[in-house]
Each structure stands twice: as structure tokens, then as C-alpha cells.
Amino acid sequence: MHIITANRLADGLVVFRSGNGRWSQIITSAERLEDETAVEAALEFALADVRSNRVVDPYAVEVVIPALGKDPVPARFRERIRVNGPTTGHSLARPRKRAA
Amino acid sequence: MYRYDEFDQAFVAERVTQFRDQVARRLAGELNEEQFKPLRLQNGVYLQLHAYMLRVAIPYGTLSAHQMRKLAHIARTYDKGYGHFTTRQNIQFNWPRLDDVPAILEELAEVEMHAIQTSGNCIRNVTADHFAGVAADEAADPRPYAEILRQWSSLHPEFLFLPRKFKIAVTGAAHDRAAIQFHDIGYEVKRNEAGELGFAVYIGGGQGRTPMVAKKIRDFLPEEDLLAYSEAILRVYNLHGRRDNKYKARIKILVFETGADVLKEEIEAEFTKIRASALRLPADEIRRIEAYFAPPAYAIALPGEAALAAARQADPGFDRWVASNVTGHRAAGHSIVTISLKPIGAPPGDATADQMDAVADIAARYSHDEIRVSHEQNLVLPHVATADLRSVFDALVTAGLATANAGLITDIIACPGLDYCALATARSIPVAQRISERFAETARQADIGDVKIKISGCINACGHHHAGHIGILGLEKKGEEVYQITLGGSGDETASIGDIVGRGFASDDIVDAVETIVDTYLERREGADESFLAAYRRLGATPFKKALYGAA
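Protein sequences appear in the order of chains A and R. Each step along the first sequence adds one to the number in this note's numbering, with nothing skipped, and position 48 is 37. Each step along the second sequence adds one to the number in this note's numbering, with nothing skipped, and position 318 is 324.
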């Protein structure tokens, strides 16, 4: 299973593409793509959002659903850090002053 | 300190206006990402794992208190209240919004700072010995030359699109604190037998996936030829450097594939052609730039030594801090203070906005307004009266910046790693934190002595692991973080690349492995005077391998 992620153009933050074409920072609503055809189609939509200057660098991330009703969790370690944020340091629990 | 003249100020202001327009056009969709990316990179804006990152240049690592306060303000206003000092003496902000960057650059320009050429395939921020101008052992302050190189290389039209990035470092002392032999060009300021100033010239050093120690191609280059010779090197590199393969594009590969002797001939031929041009540095211009870096008016004959000895005896904590974080100064009655940005268990190189403000206040009061950033990710107060050391220490304690570990095993360099970096394959910071905690005990640190641990989260080696006495390289293997250890690297005048000691260690085992290495050193050293590096060079890798992997 895959989801589509990108960075939002204006603030650079990590976002996920939902089924209705919105981009959200919350992974819960990310569209879950069951096969390669669905991934390709979703990436096409994402690339259109790149052309319309909403997001940059979209790509598909392999995920698993750990249990029914749970959020998708990326298979790769790198992507898990990208979803959850830095695992340590001064960024933790510190919002940027100028929010989106 | 160097102050912008009208030309510098106009140039930086113009650049801010230009980038403001470029960002506006990007957000409006008039520029696409492909068109915009090289523009943002030329202004220090990266897109990292979680957000944009802005890298601000701190030329040769020298800052005023006023500039440090501005960095604190930027951290507080536009980021998450902290900044990260890097191994190139720069500062990075990890969370700026793209649409805020023009405002940040405008604020930086107000204090004569910018982010130009902190990224891209151009000549990057020129680095220098962080003790420049105050070290007791230097031939001359390297910063005037670094400033001349900065002016020459800023938007040099011929060198904005090199095959790859290009890094220059300058040291003024034979004892190399600037790792010049790991740079594309390393200059050592020295005097010849006639007492004239000039440079030993090294080229082709670097780390990354193909680490190389630089080759010396000139033992003495006259001072006036600094720019002509630099231009000759850059021209030869620009012409022959490989553009077909990003990983073979640095000058180190050209030096390796062509041979330093052959390349030197070509550089010398080009140099001969351009030597008598406008690139020849007039002595009065060098002296004019030098005047900016003149030492401050030190108070004379301050009676600091006796009081210091008494204060050290009275307070073991202060004594330990002086022993590790205070260095001899060239001016009598003065000291160089290293402010460790490596509190036990904290991310190396980070400072909060409040800490930056505190350092600015302390520098304004006790260090003639001046601060340095070291490539080891610490800060330096270069001009402290020895009589003020106790007051400086107390102020640093209040700011949480009085960790007594400069040059010791917990003074670890680490790249941002997978916690921030889009290129990383493993985390670096948490490994540094765990090693720091393991070796926290101060008496043990003092006993172990000078051990440089350097950690990179991928083969690009931003954490300088190749030059670490103990180097750690984080990789991903079958979805897990794995850490490979190298031993015996060094970034000083005896530069060497660490040897891979054997198979890598899982994240859970890496700290134990480091401890095994340290214990082996303690068992095998000939005495407390024999440093880790000296012992490794004498013993070779065998006893360490045996300790790590058993007899087999």
C-alpha cells in the first residue's frame, strides 16, 4: 500500500494527499493506494498540484496499516521520521512562531 | 571586525530585493520549481526532510555581539527558537517558511550578513582558524586573507557554475585548527626565510564518499599572488573538473586522476599568464583590510593569574572548565574561551535564542564584542581578560553554556543526520547524545583526554567522520540503522583518513563499541601523555579489532 506525500510550497512542511485532492499535514486522511495503477494516477494529480504551485517534490511512500482503524505507518525508517518529525532536539514540541 | 563598505551594503541589499522578487514570482507561479531551485540554493535555501532550511554565512566564523543578537531574533521570530551552528562555521535555521525568507534576509542585511553562496556549485563560505588573531602560535591572522578571498569569490562570474561546490580554508598557524588539508584549497599563512608573508598551498583535499588528504603544490606563495594563484587553480578546475558525474566532480578527483604534479604544472602556467594582472594584491590594500582585524585595545598588565589560581583551587567545577575550555592568548593577561555547544546529552551545535542572546551579552561585556564559531560546532570568546574568567564562567553557567568538555570525548561533531537531512541514511544526533551521556563523568573524560568523535549520517561526510580519531558513519542496511566505525583520522597538520575497523554496529550496540575502543586505548596507552591518536598510530588497528570482534 502507498500514500502520496510532498512538501507544501509556501512553508515547506510535509503534507499528504487525501482522496479528495486536498493536502494535509495529518497522515490519517492520506489516500491509501492499493496498486500501481492507483499510485500512478494519484502521482499524476500530485504533479498537477506541483504545476499549480501548491506543493513540491511529490512521491509515493510505501505504508502498512498496523491495525484496523490505525494511521498508515511508512515501511521505511526514513519516511517514518519524515512523518513524525525529528526524534530528538530543540524542534520537539516547539511550534514555529509564525504558523501557516 | 570587517565592516561593509558602501559597495558591500548596496550589493547585499540588491540581492535581497532580487530574491524577494524571485520568491514572489515562485509563489505566484511565474517561476516553476525547476527554475526556482537554483535561485533559492544560491541564497542558502534548501528543502530538507521536514521543511525548508536556511543556511546563513558567517565569514571565517567571526561574529559581533550585535550580529549574534540578530541571529537570536531570527530564531525566535521565524523559526523554532534555536539555531544550529555547522562544521563550516555557519548557522542553519531548520524551519523557516519560504515566504518569510526575504524578510529574514533583509534583517540579516541590516547587520551585514547574508546567505549568498552557502549552497550551490560555487565557492562557499571561506573558513579560518577559530582562534585567528589571538592564537599564541600563529604567523599572522588568516582572516584578512579569508576576507580578500570572500570579496574575490562573491559572485565571481567565472566561478558561479563550477563542476561542484568549492571550499577554501585558511590557517595562520602551523598547528592546523582549520582542517585545511580537507579542503579544495587550503592556505597556511607563513613567513619565508626573508621574513616575508606568504602561503603554503594545498589542493584536492575533501571528505565525502571519496576522502582525500590534500596535496601541497606550493611551499611558499608570495602574499601578493593569493588571488592570481586562486584564480589559476579555479580556472584549471573549472576547465577539467568532471561534469559527467556528480560524485567525481570535486577537485580532489581531478587531482587524484590527473596527478598533483601534472595539475600543478598547468596551474603554474595559468598563474604565470595572469600573475601581473589586476589580480596582483597591492600591499596597501592588504594592510587596509588587515586594519579591520586589528586586535582590540587590550587593557595592559591585568593581574589575573594569581586570582585565577586561587579561584581554580576553590572550585573544582571552575577548575575543570578552565582546564578544558580556556586557551592561552597572544596578549598578556588574556585568554581565549571556548563555549561548548555540547552540553551532556544535547544535540551538538544547537543554541537556543536565549543562549545566543546570553553569548552576545557576555561577548559585549567581556570579549570586546566579538564571537567566533568553530568548525567543531562550538563558540569562542576570543578576547577575555584572564581576570574576568570567573565572571564569564558564572554568566555561562546561568545560560546553560558552561559545559567543561572542549576537546574532550563528549565534544562531538555530528551532522544533522536523518532527523533533518533529506540525504541522510541514519540518525547522527541521537548517537552523539548517547555517547555524550555514556562518557559524562568529568574525571573519566579528563583521564581519556583528547579524543575527537565525529559522526556523519551518510557517506557525504558532513560530520567529518573520516577526520575523526573515532569516526562514525551511519548507514541503512535492511531497513535498520547501522554504524560503521573508522579509527585514526585527523584533521590537523598531521591529517589522515580513518581506517574502517570492521563490520558495522546496530544502533543499540554503537555506544558500547565506542566504549570498548576507548577502554582498549586506556589499557594500551603508554601513559596519560600518549593521546588516543598517538596510541592508535603506534598500535595500529589490531588491538581495537580484537577488542571489538574477538580473536577471529
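Source of the hints: derived by calculation from the structure; they are not laboratory data. All values reported here derive from a predicted model rather than from experimental measurement. Each hint should be verified, as a subset may be incorrect.
What the hints assert, rightly or not - Restraint ranges, calculated between C-beta atoms of paired labels, are given here:
1) D60(A) with P302(R): 54 to 60 Å
2) D514(R) with T26(A): 25 to 31 Å
3) E25(A) with L429(R): 23 to 29 Å
4) G74(A) with P549(R): 21 to 27 Å
5) G74(A) with A180(R): 53 to 59 Å
Every residue gets a Cβ at the ideal spot worked out from N, C-alpha and C, and that includes glycine.
Check: Which numbered conditions among the earlier hints are violated in the structure presented, ordered from lowest to highest?
Finding: Hints 2, 4 and 5 are the ones this structure does not satisfy, whereas the remaining hints hold.
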